[in-house]
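Each protein sequence line maps, in turn, to chains D and G. Our numbering puts the first residue of the first sequence at 1, with every later residue one more than the last. Our numbering puts the first residue of the second sequence at 323, with every later residue one more than the last.
Just so you know, these hints were derived from the structure itself, not from any lab. Every residue, glycine too, gets a C-beta built ideally from N, C-alpha and C. Careful, some of the hints might be misleading.
Residues from chain D shown here face chain G by an in silico Cβ test under 8 angstroms; the list is partial [said to hold, decoys possible]:
no.	residue
1	Leu27
2	His78
3	Pro101
4	Ile104
5	Asp108
6	Leu109
7	Asn134
8	Ala137
9	Cys141
10	Gln144
11	Gln145
12	Ile146
13	Asn149
14	Glu151
15	Gly268
Protein chains: 2
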Amino acid sequence: MYTYPALLQLINQKITETSFGSNPKELYEPITYMMGLGGKRLRPVLTLMAADMFAADVNKALDAALAIEVFHNFTLVHDDIMDNAPLRRGKETVFQKWNMPVAILSGDLMLIRSIDLLAKTETNQFSKLLSVFNDTAAKVCEGQQIDMNFETLSKVTHDEYIHMISLKTAVLLGASLEIGARIAGASEVDAMHMYEFGKCIGIAFQIQDDILDSFGQTAAVGKRIGGDIASNKKTLLLIELLDSVHKDDLKLLQNLLAEPNDELKIEGVLALYDKYQIKAFAESQKQQYLDTAFHHLNEVSVSPERKQLLINTAHELMERVS
Amino acid sequence: MYTYPALLQLINQKITETSFGSNPKELYEPITYMMGLGGKRLRPVLTLMAADMFAADVNKALDAALAIEVFHNFTLVHDDIMDNAPLRRGKETVFQKWNMPVAILSGDLMLIRSIDLLAKTETNQFSKLLSVFNDTAAKVCEGQQIDMNFETLSKVTHDEYIHMISLKTAVLLGASLEIGARIAGASEVDAMHMYEFGKCIGIAFQIQDDILDSFGQTAAVGKRIGGDIASNKKTLLLIELLDSVHKDDLKLLQNLLAEPNDELKIEGVLALYDKYQIKAFAESQKQQYLDTAFHHLNEVSVSPERKQLLINTAHELMERVS
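From just these sequences and the hints, can you work out the full model?
Pasting the structure below:
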């Protein structure tokens with residue numbers, strides 16, 4: 001079996017070897033640029049890991065893995081326009097480096113190319129792969145819209161929040177694993193468990209992201225601690241605090257949410273997080289999704305040894321401190 | 323065989339019956355709105371006509387026809403953002419009626435749904451259909467980018483112009499016919515001729531659009547005569563004028579291109595179009611593409627009677643005066 005670094009290298013080599021097109025250069029240079037920004041390539045690595053777990057040649061899943069990475073990068077290019085984001089992985093976003101029309105069009109083309117890549121997969125199950133891929137793609141768009149809607153809502157419930165992060169982030173992790181498993185010939189039931197494992201890991205991962213934003217030990221590169229608090233972002237932490245705050249503290253919290261000084265605001269909200277044990281709540285939520293994830297992985301009908309890399313990878317994802 | 327109105331009705335009924343999704347409404351309402359704006363539905367009607375011409379049940383091609391119409395509308399939604407266009411078919415554009423993020427995301431979702439629809443087609447040739455569809459989709463994006471590039475270029479050649487309109491407009495007409503023909507079981511050679519027929523008709527149609535913008539008899543709804551001239555748009559007419567103008571008239575033309583008064587500008591450029599017989603040139607170009615189109619249709623191995631509706635439709639497209 002492979003290691004994460006070995007699979008990452010396969011993906012990066014595949015990206016280097018792939019030509020997405022060349023003319024007009026205004027359209028293709030942003031694609032090469034975006035695909036070259038690097039990162040941990042989690043989604044395509046998961047696709048290969050799933051194929052490997054079912055003892056298939058990982059090369060059979062390489063086109064599909066790249067399809068998923070190209071799709072993921074398409075969502076980033078378009079999201080960066082909507083979020084007016086200047087930086088991505090410490091480099092200029094496509095929107096910033098070129099312009100809005102180029103970012104729209106090169107993103108569109110990445111979506112088209114992702115389907116092309118998926119279609120290169122040698123499989124007798126292509127229509128199923130395409131339907132998993134496209135259903136997931138639609139959900140990711142829905143998740144992004146719901147996330148944008150949250151900005152203008154006065155109240156978001158716990159369930160609405162979990163639904164949003166499932167769509168926006170988690171289903172693509174699920175689909176990455178399911179597609180790898182299906183290419184390897186996994187049964188319908190195993191494919192479903194792989195999807196649920198990935199989806200639950202994705203939800204846990206996003207909750208952890210929320211926790212780290214307020215309680216990370218050090219500021220990760222390009223991200224300061226408390227950014228979510230400063231921007232009143234409706235994270236699981238804030239949603240829970242708003243749900244559980246006593247009426248004696250409500251006025252204080254409302255004042256903090258309107259506080260223009262970020263330092264005072266972050267300090268004040270963190271104090272309330274401590275008082276209401278919000279971190280412990282979020283940690284327990286994260287743990288519940290992790291437990292469900294491992295339950296699904298446990299149900300998959302391959303030997304425990306073949307699951308070990310995926311288990312280790314999930315734990316490593318959850319152990320990062322920034 | 324069917325008539326255009328009968329096929330149009332089939333398409334419109336199919337659109338009415340199709341649910342693209344509902345939640346979140348910010349994402350799906352614009353899709354329903356856009357698909358409901360109407361129009362002549364030329365592309366999906368061509369798909370059905372092609373299937374009918376090869377004596378297939380047109381209902382077999384209905385999902386693919388709708389896929390093409392949804393794809394076409396996706397390009398309009400995104401183009402309207404890039405062009406900052408307030409109106410489309412006399413109604414507000416999605417970008418204008420909602421906002422830019424909604425227009426980006428609902429467009430993305432239309433592209434995803436178009437692939438879903440195509441995949442519903444019952445055929446043993448799906449991978450070929452998908453590759454025609456996706457190659458065409460990529461070309462349409464390339465054409466839009468090249469068209470935007472033209473705005474900042476000081477010189478565009480005749481060939482570059484034809485290349486741009488082929489990609490931006492014509493290949494989709496070609497693909498609409500090819501896909502209908504393939505669903506009906508047409509041979510490889512016939513499918514190719516159908517594609518070329520549609521592409522050449524598309525180029526002729528676009529050249530006619532350029533002619534009408536300067537020489538149309540009356541202002542069509544929402545479009546004034548001379549709009550291309552006023553905006554210095556690099557149409558086939560202006561490109562040819564710039565190519566053929568004597569040096570004695572060059573200064574006059576340059577002054578006209580810089581003229582801030584639209585009326586004076588349009589009048590002056592039209593006078594030069596007359597002097598250099600630009601309309602006749604464009605008409606002859608249009609005729610050349612029409613001739614090539616009918617040559618390809620002629621080669622298709624079905625009886626002349628079965629081709630008649632397509633021939634009539636092409637002529638009607640070319641005879642509109644506004």
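Hints and how they fare:
1. For Leu27 of chain D, the shortest C-beta to C-beta distance to chain G is roughly 4 angstroms, which falls under 8 angstroms, so the interface hint holds.
2. Checking His78 of chain D against chain G by beta carbon gives a least distance of about 6 angstroms; that is within 8 angstroms, so the hint holds.
3. About 4 angstroms separates the beta-carbon of Pro101 of chain D from the nearest beta-carbon of chain G, less than 8 angstroms, and the hint is met.
4. Given the 8 angstroms rule on beta carbons, the hint for Ile104 of chain D holds: about 6 angstroms separates it from the nearest Cβ of chain G.
5. A cut of 8 angstroms between beta carbons decides the hint on Asp108 of chain D: the least distance to chain G is about 5 angstroms, and the hint holds.
6. At a threshold of 8 angstroms, the smallest CB-CB gap from Leu109 of chain D to chain G is about 5 angstroms, leaving the interface hint in force.
7. Checking Asn134 of chain D against chain G: minimum C-beta separation of about 5 angstroms stays under 8 angstroms; hint holds.
8. Annotation: Ala137 of chain D was flagged as interfacial toward chain G, and the flag holds, the nearest CB pair being 5 angstroms apart, inside 8 angstroms.
9. Hint on Cys141 of chain D holds. Least Cβ distance to chain G is approximately 5 angstroms, under the 8 angstroms limit.
10. Of the supplied interface hints, the one on Gln144 of chain D holds, with its beta-carbon coming within about 6 angstroms of a beta-carbon of chain G, less than 8 angstroms.
11. For Gln145 of chain D, the interface hint holds, the least distance from its beta-carbon to any beta-carbon of chain G being 4 angstroms, beneath 8 angstroms.
12. Hint status for Ile146 of chain D: holds, given a least beta-carbon distance of 5 angstroms to chain G, under 8 angstroms.
13. Hint on Asn149 of chain D holds. Least Cβ distance to chain G is approximately 6 angstroms, under the 8 angstroms limit.
14. This hint is violated: Glu151 of chain D has a C-beta 11 angstroms from the nearest C-beta of chain G, more than the 8 angstroms allowed.
15. Taking 8 angstroms as the C-beta cut-off, the interface hint given for Gly268 of chain D is violated, the closest approach to chain G being about 31 angstroms.
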